[in-house]
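Hints in hand, dock the two standalone chains.
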Amino acid sequence: DTEVTQTPKHLVMGMTNKKSLKCEQHMGHRAMYWYKQKAKKPPELMFVYSYEKLSINESVPSRFSPECPNSSLLNLHLHALQPEDSALYLCASSQVPSGVSSYEQYFGPGTRLTVT
Amino acid sequence: AQSVSQHNHHVILSEAASLELGCNYSYGGTVNLFWYVQYPGQHLQLLLKYFSGDPLVKGIKGFEAEFIKSKFSFNLRKPSVQWSDTAEYFCAVRSGSGNTGKLIFGQGTTLQVKP
Numbered sequence: 001d002t003e004v005t006q007t008p009k010h011l012v013m014g015m016t017n018k019k020s021l022k023c024e025q026h027m028g029h030r031a032m033y034w035y036k037q038k039a040k041k042p043p044e045l046m047f048v049y050s051y052e053k054l055s056i057n058e059s060v061p062s063r064f065s066p067e068c069p070n071s072s073l074l075n076l077h078l079h080a081l082q083p084e085d086s087a088l089y090l091c092a093s094s095q096v097p098s099g100v101s102s103y104e105q106y107f108g109p110g111t112r113l114t115v116t
Numbered sequence: 117a118q119s120v121s122q123h124n125h126h127v128i129l130s131e132a133a134s135l136e137l138g139c140n141y142s143y144g145g146t147v148n149l150f151w152y153v154q155y156p157g158q159h160l161q162l163l164l165k166y167f168s169g170d171p172l173v174k175g176i177k178g179f180e181a182e183f184i185k186s187k188f189s190f191n192l193r194k195p196s197v198q199w200s201d202t203a204e205y206f207c208a209v210r211s212g213s214g215n216t217g218k219l220i221f222g223q224g225t226t227l228q229v230k231p
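Chains A and B, in that order, give the protein sequences. Heads up: the first sequence at position 80 corresponds to 80 in the numbering used here, and the numbers run straight through without jumps. Heads up: the second sequence at position 18 corresponds to 134 in the numbering used here, and the numbers run straight through without jumps.
Since the hints were made in silico from the structure, they are not lab data. Virtual Cβ for every residue (Gly too), placed ideally from N, Cα, C. Among the hints, a few may not be true.
[Unchecked claim] The following label-pair restraints were derived from C-beta to C-beta distances:
(1) A:Met27 <-> B:Ile176: 14 to 24 Å
(2) B:Ser200 <-> A:Ser59: 31 to 41 Å
(3) B:Ala132 <-> A:Glu67: 44 to 54 Å
(4) B:Ser168 <-> A:Glu52: 23 to 33 Å
(5) A:Ser20 <-> B:Gln161: 23 to 33 Å
(6) B:Glu182 <-> A:Ser98: 18 to 28 Å
(7) B:Lys174 <-> A:Glu58: 45 to 55 Å
(8) B:Gly178 <-> A:Glu3: 18 to 28 Å
(9) B:Glu136 <-> A:Ser65: 40 to 50 Å
(10) B:Thr226 <-> A:Gln82: 25 to 35 Å
(11) B:Lys177 <-> A:Gln82: 31 to 41 Å
Next up, chain B with everything else stripped away, as it sits in the complex (with noise of 0.2 Å):
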């Protein structure tokens, strides 16, 4: 069965700190490949997907993920993280062919963000 692990369950960072965010999946065929965020008391919202092309895929607030297919790995990453970035992080995983749009999330991680 496909899954979607991710390492870190709960960081703790200070402002201005670097971020990455590990994820790994298993499936070994075509992917396609999702960041979301969930701010304390807000409703999920995508962060960066990846369906095809450029390995690197920037998405919004300045994130960025790389997709490393012999890793099956999809991490998401910061240069300098704000106390706004405190929030739930899932990387979701939907498996390719049909038109089901099921997607498989991680455990997700907490992120907490230091003044």
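Looking at chain A on its own, in the form it has when it is part of the complex (with noise of 0.2 Å):
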């Protein structure tokens, strides 16, 4: 099985409103990641977590908080965010690089964001 799979799909959310993106892989892989990526541009990395510690956060606004409670899990807490964060999220997983070895990242199908 080589899925990561995101839900929702679609959200629509106020920039009053709480909500979370979840994301979830079951191929072993111990280090994920969260995506931004607007229309015809190339994915932006937020955040990576490796043995579900947070090793890299790309400067990402408060506003966007991650959580990994567990291996298999990713989620992407949202609060108070702007009508620029309108997005598609994605997350990704992959086995924990090792020095100059690497895996490739296998991706979700995200999740389309819409922030009113």
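Here is the structure:
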């Protein structure tokens, strides 16, 4: 099974709402990622978790709060978002890179977020 | 800072034409190189990857890419495209060392294949 699942597929939220995005994989990967993708643009890395610990935060505003409750799950908690945060949010997973070796990242289908 | 440059932003081809998409990166150390494809309405999928060894790598759906270290390039090729190859193509680089899986993506190339 090489699937990364994400829920919900679509989400519309107001600027005062609190919502969460969920991501799940059962490939035994211990690295998980959140990306943000605007239309016709490449994915932009937001967060990286390695062995359930946050290892990279790409200076993401605090209105985005990631959580990795276990090795299969990754959440992104959203609060007080702005309309410019509307985008496709992608989750990915991989084996934890070691030294100069690397592993491909498997991407989920994304959650299409609209902030009104 | 590391960067990835894809020179072709929008490519239009007829079916059976040959394809070459350019990708250059700026990093002097060991790199891992990837090409991802995003079909309309679908998630990012890995086409092929280069970690080490033979610089000519073959991927899925008849795609191949050649790593030329001296030119910092990793161009994607396909001898004969099909209408179903219409998609967004992203080159990505991960710089070596450490245990971070940070990928740097190029801006993407939109490929439109006319039937």
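Violated hints - listed by number, lowest first = The structure breaks only hint 7.
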